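Engineer: Sequence:
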Amino acid sequence: MPLRIGYVREHFSSPLLQFAEQDAGKTFTLVECPSGTGQLISRLTNDEIDIAIALTDPLITGICKKTNTSSVVFEQND
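In terms of full-length UniProt numbering, the sequence shown opens at residue 1 and continues consecutively.
Simulated from the structure, these hints should not be mistaken for lab results.
Errors might be hidden in some of the hints.
Simulated restraints, written as ranges between beta carbons of each label pair [as the list claims (entries may be wrong)]:
(1) Asp57 x Ala24: 16 to 26 Å
(2) Lys26 x Thr67: 26 to 36 Å
(3) His11 x Gly38: 12 to 22 Å
Predicted, not measured: the structure shown is a model, and the values here were computed from it.
The C-beta atom is built at its ideal place from N, Cα and C for all residues, glycine as well.
Please work from the sequences and hints to get the whole structure.
Structural biologist: So this is what it looks like as structure tokens:
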């Protein structure tokens, strides 16, 4: 079963969109969430997506307020 990745169509999604075109749904499928981070969190909570590509500010706010159970994963490439 391909990984379901939620995203918002923004400029920073360009590499993801290009790879999705090459992958053709073999390893992952994209789930567009035009309403933004709130919709991403809702879809994570409802098990409609496996991963969300989102801005960190709203995710961290939700974690601090305990309104969502998301985890933030960060990787720095030097």
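Engineer: Please flag the earlier hints that this structure goes against, numbers listed from lowest up.
Structural biologist: Result: hint 1 breaks, nothing else.
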